[in-house]
Amino acid sequence: MKCTVCREPAVIDLRRHNSNFCASHFTKFCRDQTQKAIDEFDMMTPADKVLVAVSGGKDSLAVWDILLDLGYAASGLYIGLGIGDYSDESKRYAREFAERRGAELIEIDLPAEYGYDIPEGSRAARRAPCSACGLSKRHLFDQAAVDGGFDVLVTGHNLDDEAAVLFGNVLHWQTEYLGRQHPVLPARHGFPRKVKPLVRLGEREMAAYCIVSGIDYIVDECPMAVGNKHIGYKNALNEIERTSPGTKADFYLSFLRKAASRFAGEAEESRDGLGACERCGAPSTADVCAFCRLVERATSARQPVELTRKGS
Amino acid sequence: MKLRHPTREVEVPGPISVVKLLNRLDLNRESVLLVRNGELVPGDAMLDDADLIEIRPVISGGAE
Numbered sequence: 000m001k002c003t004v005c006r007e008p009a010v011i012d013l014r015r016h017n018s019n020f021c022a023s024h025f026t027k028f029c030r031d032q033t034q035k036a037i038d039e040f041d042m043m044t045p046a047d048k049v050l051v052a053v054s055g056g057k058d059s060l061a062v063w064d065i066l067l068d069l070g071y072a073a074s075g076l077y078i079g080l081g082i083g084d085y086s087d088e089s090k091r092y093a094r095e096f097a098e099r100r101g102a103e104l105i106e107i108d109l110p111a112e113y114g115y116d117i118p119e120g121s122r123a124a125r126r127a128p129c130s131a132c133g134l135s136k137r138h139l140f141d142q143a144a145v146d147g148g149f150d151v152l153v154t155g156h157n158l159d160d161e162a163a164v165l166f167g168n169v170l171h172w173q174t175e176y177l178g179r180q181h182p183v184l185p186a187r188h189g190f191p192r193k194v195k196p197l198v199r200l201g202e203r204e205m206a207a208y209c210i211v212s213g214i215d216y217i218v219d220e221c222p223m224a225v226g227n228k229h230i231g232y233k234n235a236l237n238e239i240e241r242t243s244p245g246t247k248a249d250f251y252l253s254f255l256r257k258a259a260s261r262f263a264g265e266a267e268e269s270r271d272g273l274g275a276c277e278r279c280g281a282p283s284t285a286d287v288c289a290f291c292r293l294v295e296r297a298t299s300a301r302q303p304v305e306l307t308r309k310g311s
Numbered sequence: 000m001k002l003r004h005p006t007r008e009v010e011v012p013g014p015i016s017v018v019k020l021l022n023r024l025d026l027n028r029e030s031v032l033l034v035r036n037g038e039l040v041p042g043d044a045m046l047d048d049a050d051l052i053e054i055r056p057v058i059s060g061g062a063e
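Residue numbers (numbering that gives the first Met the number 0), protein chains in the order written: chain A, 0 to 311; chain B, 0 to 63.
These are calculated hints, taken from the structure and not from any lab test. Yeah, the Cβ is synthetic: ideal placement off N, Cα and C, and Gly gets one too. You may find that some hints are simply not true.
Which chain B residues face chain A? A few, computed with CB under 10 Å, are given here [said to hold, decoys possible]:
1) S30
2) V31
3) V34
4) G37
5) P41
6) G42
7) A44
8) I58
9) S59
Computed spacing ranges between beta-carbons, pair by pair [as the list claims (entries may be wrong)]:
10) P244/A with E38/B: 22 to 30 Å
11) N36/B with G272/A: 53 to 61 Å
12) G226/A with V9/B: 18 to 26 Å
13) T298/A with V18/B: 46 to 54 Å
14) G245/A with G37/B: 29 to 37 Å
15) T298/A with E10/B: 46 to 54 Å
16) R292/A with V11/B: 47 to 55 Å
17) A235/A with D48/B: 29 to 37 Å
18) R14/A with L51/B: 23 to 31 Å
Model the full assembly from the supplied sequences, consistent with the hints where possible.
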């Protein structure tokens, strides 16, 4: 198999693009697709101060690497979630990458700074682990971006992530979520601008990008995410993709072009009801935001219970 | 043939192409990459008995 561009031996075949690439043209392909998404959705400019949410996984390290190569001033933000060896290892990959690229890495340690870890938070709040994790990360990423004076918060969500979320939202007709599913969320109500520059690239491509670029990342899945419904949606979409290459991209990118605007009104209505959390000041529809309630439940569950004799 | 992630040894006589190996193991090409002796290889690459093969899963979850 030869590279479609230079006829040198290919390292990857991309059936949905009907193309094969050698390592250097594949790297260029990933950079071009990222820049195309940035331009198409008016995500940011090289003058912006950029914060990349970094997990130590393939997508976040790849998008950070690509943005640095494209000339963006991008710092990383890593959140230690207290998920045992998995967190220790993912932090190591984030640090190694930052050191290799000479980039700033900001670190927040959830157990040390907020008094709980994701397994505890999940149990105490009676939320699924991925729900407690997502809630914690969203809050801390938003806060760090706003407090640090960053213009834009970048996440490594890729085409497969977005197609799987869209699939789930359509299956359950979550019309408010459909209205919010856009690769750019503008800064408003105390939220930073959030962008997803990898929406034109699949996760197979991001893993391949890391391999050919020599980026070490945590390959193993988060032990708390195993079996979650989004992985099931991804597997279902990949079964379709196996026989109809390009279906995932068409599903998601055509949604953005043809359907997303039809649901925008419902998302607007839900945003209009936002106030400020009375404890932390973050945007919230309730007096106390969901993150502060999670912290309260998780940390109160940790405090020792003083037992007293009945009647004493 | 030795496979990683998870590490296991399977009896598949080489030479065999990447696509045929994945079909034999009932793996979806969209969900994995194949790394031979540390190098990424495309679907038509031929694998030999002595090769160290990593079939790297690419699906990650965690979306809430």
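Hints versus structure:
Restraint check, S30/B versus chain A: the minimum CB separation of about 5 Å is within 10 Å; hint holds. A least Cβ separation of about 8 Å between V31/B and chain A falls short of the 10 Å threshold, and the interface hint therefore holds. Checking V34/B against chain A by beta carbon gives a least distance of about 6 Å; that is within 10 Å, so the hint holds. Contact between G37/B and chain A, as hinted, is supported at the beta carbon level, the nearest pair being about 9 Å apart and thus within 10 Å.
For P41/B, the interface hint holds, since its Cβ comes within 10 Å of a Cβ in chain A; the closest pair sits about 5 Å apart. Interface restraint check for G42/B: the shortest CB-CB distance to chain A comes to about 5 Å, inside 10 Å, so the restraint holds. Contact between A44/B and chain A, as hinted, is supported at the beta carbon level, the nearest pair being about 7 Å apart and thus within 10 Å. Given the 10 Å rule on beta carbons, the hint for I58/B holds: about 5 Å separates it from the nearest Cβ of chain A.
Nearest Cβ of chain A to the Cβ of S59/B: about 6 Å, under the 10 Å cut. The hint holds. Taking 22 to 30 Å as the suggested C-beta distance range, the pair P244/A and E38/B conforms, at roughly 24 Å. As the Cβ distance of N36/B to G272/A is approximately 57 Å, the hint placing it in 53 to 61 Å holds. Between G226/A and V9/B the CB atoms are about 24 Å apart, so this pair conforms to the stated range of 18 to 26 Å.
Between T298/A and V18/B the C-beta distance comes to about 52 Å, which sits within the given range of 46 to 54 Å. Between G245/A and G37/B the beta carbons are some 30 Å apart, a value that agrees with the proposed interval 29 to 37 Å. Between T298/A and E10/B, the C-beta spacing of about 53 Å keeps the proposed range 46 to 54 Å intact. Take R292/A and V11/B: their Cβ atoms lie about 53 Å apart, and the range 47 to 55 Å holds.
Between A235/A and D48/B the beta carbons are some 35 Å apart, a value that agrees with the proposed interval 29 to 37 Å. The supplied range of 23 to 31 Å is met by R14/A and L51/B, whose beta-carbon atoms lie about 26 Å from each other.
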